[in-house]
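Top line first, the protein sequences correspond to chains A and B. So in our numbering, spot 159 of the first sequence is number 159, and the numbers just go up one at a time. So in our numbering, spot 131 of the second sequence is number 131, and the numbers just go up one at a time.
A portion of the hints provided could be inaccurate.
As the list claims (entries may be wrong) - Pairs of lysine-lysine residues, derived as DSSO-like cross-links and limited to a Cα-Cα distance of at most 27 Å, are as follows:
#, chain 1, residue 1, chain 2, residue 2
1, A, K59, A, K188
2, A, K104, A, K73
3, B, K132, A, K188
4, B, K26, B, K111
5, B, K132, B, K111
6, B, K111, A, K188
Think of the hints as simulated: they come from the structure by calculation, not from any bench.
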Amino acid sequence: MSGFIEPIVGRYVHVEIDGEINRIYFEENGTGIPLVCLHTAGSDARQWRHLLADEEFTKNFRVIAFDMPWHGKSNPPDSQYGSEYRLTTASYTVTIRAVCNALKLERPVVMGCSIGGRIVLNLAIEHAREFRALIGLESADFQQPWYDTTWLNRPDVHGGEVCAALVSGLIAPDGPEAARNETLWGYKQGGPGIFKGDLYFYRVDRDLRGRTGSIDVRECPLYLLTGEYDFSCTPEDTLRTAAGIPGAKATVMERLGHFPMSENPEQFRRYIAPVLQDILDKQSS
Amino acid sequence: MESERVRQNTDPPVPFAPDAIIAGFKAIPDLLARDAALAARGRWLDVDCLLGPSTQPFYVAIRAGQIVDITPVPVLMRSWRFAYRATPAAFAAYWQAMPPAGWHDLLALTKRGQATLEGDLHPFMAHLQYFKDLLALPRQNGFGGAL
């Protein structure tokens, strides 16, 4: 309907990260338990627009999705233009905690997808008490690389086209065409070298094998959900990870791939609704 | 750990006739000629490459996004820049209207060891979506019951 205005509100918050103020763009909607959503590598928080606009979820959750520095409408830090962007486990963890602190969120739920799914495992390892629950989508302690990331940023290959083409195969084949195109559009719009820089965290910095066994879900419940068509972080990767964490809940999502929240929002809703309800039930019990 | 569902992969995932795979591949030039949008996306592409089932690959000459020649291997001393070859089982699965998980993408097939990618990969990577869609044309044209 022409003239319809969505309830999502976008603003900027100034966040000090590693001694420098970053102007972070975030969108939010709803009231209740803060639910912070982390986008995938090389994309931005628009991936969460369907969850942000969900009438049911936003009755009980203040859904917040922010663009990581260098992504979407969050520019690089002033001092970093011209340098090579490289996300690390440490810098990613610092950024998430800094954003949550700047927004004065009290024990938020954090839900991340892909690299966001990996980092919630680190939050569970190192900072579980700060969070009410953690949700990892397409999350594992490690996954086998399947392409050379140097193809993502070189002058003789269009970065947006190759990034989108690579991840296009991670989307389940029968999802809505518009949602598929929108998901890939985010990759076509990423800054030069940003997807590659995010994957430094995923591929080079370190993985979490041997560390996830220390996660105590009594301190912070952990939910892992992975799409059956994700051949990057496979269901087997997630189930293996969950098997090493007593009490972690793992679900394989049918007809979904690596971008469940954006590639097929209705199908994803079927899986995330009971997780959010479980968090609500724990809150009231 | 509480697991709600585990899906096991089985190889090969769908039944197929080897001749049908060859026929499906041979139909690609005509299918491309009828797909103006795909041909337009490849308009900057000129390459001689090796594509197809590992049991019977083809030399494929592409000019301005159109296949101008397709010839079965071998041809004495014919050169190519890159090769993408997959098992007939992989193409049979890839061409299904709803391909099984892990068999639905060219690079999913290389990851699972059902396809190989060799040579100078620049033309393949610079036109990656074109090649994914090109080799998927039989899927959209009835091979796997899509029509």
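Structure-based check of all given hints:
1. A:K59 x A:K188: Given that 27 Å is the threshold and the Cα spacing comes to 33 Å, the pair is violated.
2. A:K104 x A:K73: Holds - the C-alpha atoms of K73 of chain A and K104 of chain A are around 21 Å apart, at most 27 Å.
3. B:K132 x A:K188: holds (17 Å)
4. B:K26 x B:K111: holds (25 Å)
5. B:K132 x B:K111: holds (15 Å)
6. B:K111 x A:K188: Between K111 of chain B and K188 of chain A the Cα gap is close to 24 Å, so the pair holds against 27 Å.
Violated hint for the displayed structure: number 1, the only one.
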